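Visitor: With these hints in hand, go ahead and build the complete structure from the sequences.
Protein chains in written order, with this note's numbering: chain A, 1 to 242; chain B, 1 to 242; chain C, 1 to 242; chain D, 1 to 242.
Hints are computed from structural coordinates only; laboratory data are not their basis. Computed from a predicted structure; not experimentally measured. Among these hints, one or two may not hold up.
Which copy is meant is left open, because identical chains are indistinguishable; a pair holds if it fits in one copy or across any two.
Simulated crosslink set (PhoX-like; lysine-lysine; CA at most 25 angstroms straight-line) [said to hold, decoys possible]:
{"id": "1", "residue 1": "129", "residue 2": "237"}
{"id": "2", "residue 1": "24", "residue 2": "241"}
{"id": "3", "residue 1": "241", "residue 2": "129"}
{"id": "4", "residue 1": "214", "residue 2": "229"}
{"id": "5", "residue 1": "229", "residue 2": "122"}
{"id": "6", "residue 1": "122", "residue 2": "241"}
4 protein chains.
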Amino acid sequence: MDNESIRVTVWNEGIHEKKNEAVKKVYPEGMHKVIAEHLNKQKGIKAITATLDEPEHGLTDDVLKNTDVIIWWGHAAHEEVKDAIVEKVQKKVLEGMGIIVLHSGHFSKIFRKLMGTSCSLKWREIGEKERLWNLAPDHPITEGIDEYFELEHEEMYGERFDIPTPDKEIFISWFAGGEVFRSGCVWERGYGKVFYFRPGHETYPTYYDKNVLKVITNAVKWMKPRIMKEHTAPCVKPIEKI
Amino acid sequence: MDNESIRVTVWNEGIHEKKNEAVKKVYPEGMHKVIAEHLNKQKGIKAITATLDEPEHGLTDDVLKNTDVIIWWGHAAHEEVKDAIVEKVQKKVLEGMGIIVLHSGHFSKIFRKLMGTSCSLKWREIGEKERLWNLAPDHPITEGIDEYFELEHEEMYGERFDIPTPDKEIFISWFAGGEVFRSGCVWERGYGKVFYFRPGHETYPTYYDKNVLKVITNAVKWMKPRIMKEHTAPCVKPIEKI
Amino acid sequence: MDNESIRVTVWNEGIHEKKNEAVKKVYPEGMHKVIAEHLNKQKGIKAITATLDEPEHGLTDDVLKNTDVIIWWGHAAHEEVKDAIVEKVQKKVLEGMGIIVLHSGHFSKIFRKLMGTSCSLKWREIGEKERLWNLAPDHPITEGIDEYFELEHEEMYGERFDIPTPDKEIFISWFAGGEVFRSGCVWERGYGKVFYFRPGHETYPTYYDKNVLKVITNAVKWMKPRIMKEHTAPCVKPIEKI
Amino acid sequence: MDNESIRVTVWNEGIHEKKNEAVKKVYPEGMHKVIAEHLNKQKGIKAITATLDEPEHGLTDDVLKNTDVIIWWGHAAHEEVKDAIVEKVQKKVLEGMGIIVLHSGHFSKIFRKLMGTSCSLKWREIGEKERLWNLAPDHPITEGIDEYFELEHEEMYGERFDIPTPDKEIFISWFAGGEVFRSGCVWERGYGKVFYFRPGHETYPTYYDKNVLKVITNAVKWMKPRIMKEHTAPCVKPIEKI
Chain A
1 MDNESIRVTV
11 WNEGIHEKKN
21 EAVKKVYPEG
31 MHKVIAEHLN
41 KQKGIKAITA
51 TLDEPEHGLT
61 DDVLKNTDVI
71 IWWGHAAHEE
81 VKDAIVEKVQ
91 KKVLEGMGII
101 VLHSGHFSKI
111 FRKLMGTSCS
121 LKWREIGEKE
131 RLWNLAPDHP
141 ITEGIDEYFE
151 LEHEEMYGER
161 FDIPTPDKEI
171 FISWFAGGEV
181 FRSGCVWERG
191 YGKVFYFRPG
201 HETYPTYYDK
211 NVLKVITNAV
221 KWMKPRIMKE
231 HTAPCVKPIE
241 KI
Chain B
1 MDNESIRVTV
11 WNEGIHEKKN
21 EAVKKVYPEG
31 MHKVIAEHLN
41 KQKGIKAITA
51 TLDEPEHGLT
61 DDVLKNTDVI
71 IWWGHAAHEE
81 VKDAIVEKVQ
91 KKVLEGMGII
101 VLHSGHFSKI
111 FRKLMGTSCS
121 LKWREIGEKE
131 RLWNLAPDHP
141 ITEGIDEYFE
151 LEHEEMYGER
161 FDIPTPDKEI
171 FISWFAGGEV
181 FRSGCVWERG
191 YGKVFYFRPG
201 HETYPTYYDK
211 NVLKVITNAV
221 KWMKPRIMKE
231 HTAPCVKPIE
241 KI
Chain C
1 MDNESIRVTV
11 WNEGIHEKKN
21 EAVKKVYPEG
31 MHKVIAEHLN
41 KQKGIKAITA
51 TLDEPEHGLT
61 DDVLKNTDVI
71 IWWGHAAHEE
81 VKDAIVEKVQ
91 KKVLEGMGII
101 VLHSGHFSKI
111 FRKLMGTSCS
121 LKWREIGEKE
131 RLWNLAPDHP
141 ITEGIDEYFE
151 LEHEEMYGER
161 FDIPTPDKEI
171 FISWFAGGEV
181 FRSGCVWERG
191 YGKVFYFRPG
201 HETYPTYYDK
211 NVLKVITNAV
221 KWMKPRIMKE
231 HTAPCVKPIE
241 KI
Chain D
1 MDNESIRVTV
11 WNEGIHEKKN
21 EAVKKVYPEG
31 MHKVIAEHLN
41 KQKGIKAITA
51 TLDEPEHGLT
61 DDVLKNTDVI
71 IWWGHAAHEE
81 VKDAIVEKVQ
91 KKVLEGMGII
101 VLHSGHFSKI
111 FRKLMGTSCS
121 LKWREIGEKE
131 RLWNLAPDHP
141 ITEGIDEYFE
151 LEHEEMYGER
161 FDIPTPDKEI
171 FISWFAGGEV
181 FRSGCVWERG
191 YGKVFYFRPG
201 HETYPTYYDK
211 NVLKVITNAV
221 KWMKPRIMKE
231 HTAPCVKPIE
241 KI
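Guide: Following this line, the structure appears as structure tokens:
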């Protein structure tokens, strides 16, 4: 797959943008559109979008078959996502597809399914300052990112974040109100990579921030599947004579 | 909870022992009874049993409330275990309960739910020799275990075992037929500990083996919950002035 | 070793307390004395002290032989610690002894030797507020510790802390000046446990703080060696016929 | 550095090849030459060699400055390698250089320095069969490697291998004599990657094996430094007003 584009599907439940005027003002066509547009400007990436209200939430077998990395944003409608679709997405991740879970996606069915934990956390929405410290300057995800970057106004997420010990921590956030958070974490599940990235409250222009977009773009590139392979449990013959 | 007994519930689907004469011969009352009897001989442990055919699979709210560590054996009837019960068991693990998943339990709903992966593997049932190498002689689980122990006849499980990177590997198995397997692995999920322990095919007297029983007993002691606490996602006030 | 006391040796270079009036005022007999006195008040712990200026830095073969857990504080004189002594301490850790490295001990020879990295970090000494978030409420080290605790005045240590990925993160600190730090981390090396615990600048009464003392005491108890065993590289006979 | 070649230095103590006729017969010019020749046939890789008997063991400041990945083979003369050189190599790894440690290099000063452990293991030299199981088919190191590969005759290394828990296990070996071994492991130290790869006894033609060479080549490509940066411990000003 080396010379082909990375095929990204940006999934958004797409609720807040329709119901909330404040969100509509920031993201008239939805956060997914802003992210996909940015990705489509990058060499070697082709992004499409999918939303909850489409048939099969826009994640048909055909779409999933042609997705290398999926990006997931959800909040108000986690429970409306059909279990059958979630299972398909998980299966595809285990086979090699990358998944970037954004912000309130921490409580999505797919993230909890991949983690096996409650994924609970503390939160507060007063638009305080967040500073993300870069713990992994040598990691592909932080290419072009300084030792930290700031978001002037964000929702706060605070520890304890109930997740399995990450394979690697990429960012830890400092919040003006006094909390900290493991804001960028990676895990492997099956042959697929999982990246949780905290920023992105719907009422702030976070997905226009150049650092946030850079991190997402870097993650997409890093997550390009190396293999895509089903998991089977074969009965095998002995290799040695017994 | 320091001076109280550890309360263990040994769960078994209890199918093979009823339908298969060979299994009935080895475990007339089921594997769960053999394990529970052994545990009940240990100071500080009180074990009960529960099976698939009991109401709520024997895992009522009351039973779960009074369980510190659950042991899980299943194979033929994984899909018959109700999702609602599996969710309760997972919730309890995340709150602090320990879980020991045995042998073919690798494909149980509860183990896959806690791991987030397919948990697939290779297998072969010709009763070959297994040698479990002790990688963690300093870990509570291996107290009294030598640098290795052998099981003369066992089903073979071979890599690649599709699990998340374990927090710690306790045993790696060598099989006469030429395979290897990560036979003892621990993870944390929420406040609970998970221990996967490979041996235990239903047609062999594995759960009478003194080393196997010692490992299970050690694991039970090590998994005694330190806290038992629900996971919540509270909205919190800033600690600092903003 | 179950019914015996845990034998702790609190090591301190003991420089600042002699040369600096401000430090002498806070710790007239040295930080090691304050820590050892607290530990000696705990049931099941017997603590002694050792310092740089004693013969063999107070860490003779006999002292090391009778130490279950060593606590290490150093800053001004890291390079004066003899390599031969450091090697003996490392050997003992690999054999099973626990080691708690405090604050500026991050740059000690023994910590860098156990980590294999530079252990560098950012720092600032203006006595700002530190808040340590408890990421592991189920871990023995945090018994009796709330979801966070504060130190009104401390030196700041900031990321990126150049350490190997910890086996488990216990605390992450928030600093008033805007930084974060992985303030409590555990690793295993050989059969021994390593706990790095950040707080403890010599000009502040940190080692009188009840939470700091509780964490150190908990860590001592948790680090009690389960085995004490030399590492050898034996030539072994085949177990199987070849 | 994206369009430039990866600069590899293959280091060998070069003792056995001179003193032992059996080794000379298999590797007339030394194992380092065979490995370097293979790497030089690969697009995008330029390999040189260095040996113990050269000035500064062939690892001058200039050579290290121009090395992206170092490969290390040693056995008989670990103690003859100068500490000052080992420290320079470690410093370079922490700054970003990759290091592949081969076979008996497990006891080299540089590997023990990076691990912090004794790196001891069991061994036996009767030329038995080794089968390396591929646990990470999605990892760059195993590109083109099947689910396992065999070496008909190799020295045996057996667990317990005294190393820190690897960030990821790539291979586990099965040996005909009954042992298992974590034969391919990766860790990060500073900004550099460490890969330990077990095969390579000097009396067998292991470094002519196509799978062994493929793994080494893949590892070299994967270890290409993303950054090359010194570690410092700066005193920093507060970012926030205090």
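Visitor: Is the C-alpha distance from residue 129 to residue 237 at most 25 angstroms within one copy, between copies, in both cases, or in neither?
Guide: between (60 angstroms within a copy, 15 angstroms between copies)
Visitor: From the Cα coordinates, with 25 angstroms as the cut-off, is the pair residue 229 and residue 122 best called within, between, both, or neither?
Guide: Result: close only across copies, 15 angstroms inter versus 37 angstroms intra.
Visitor: Measure nothing new, just compare the shortest in-copy and cross-copy C-alpha distances for residue 122 and residue 241 to 25 angstroms and report within, between, both or neither.
Guide: between (58 angstroms within a copy, 18 angstroms between copies)
Visitor: Up to 25 angstroms between alpha-carbons, please classify residue 24 paired with residue 241: within, between, both or neither.
Guide: Neither: 68 angstroms inside a chain and 30 angstroms across chains, both beyond 25 angstroms.
Visitor: With 25 angstroms as the alpha-carbon cut-off, assign the pair residue 241 and residue 129 to within, between, both or neither.
Guide: Cα proximity of residue 241 and residue 129: across copies only (12 angstroms, versus 66 angstroms in one copy).
Visitor: For the identical chains here, do residue 214 and residue 229 meet the 25 angstroms Cα criterion within one copy, between copies, both, or neither?
Guide: Result: close only across copies, 21 angstroms inter versus 29 angstroms intra.
Hint check: a violation occurs at hint 2 only; the rest are consistent with the structure.
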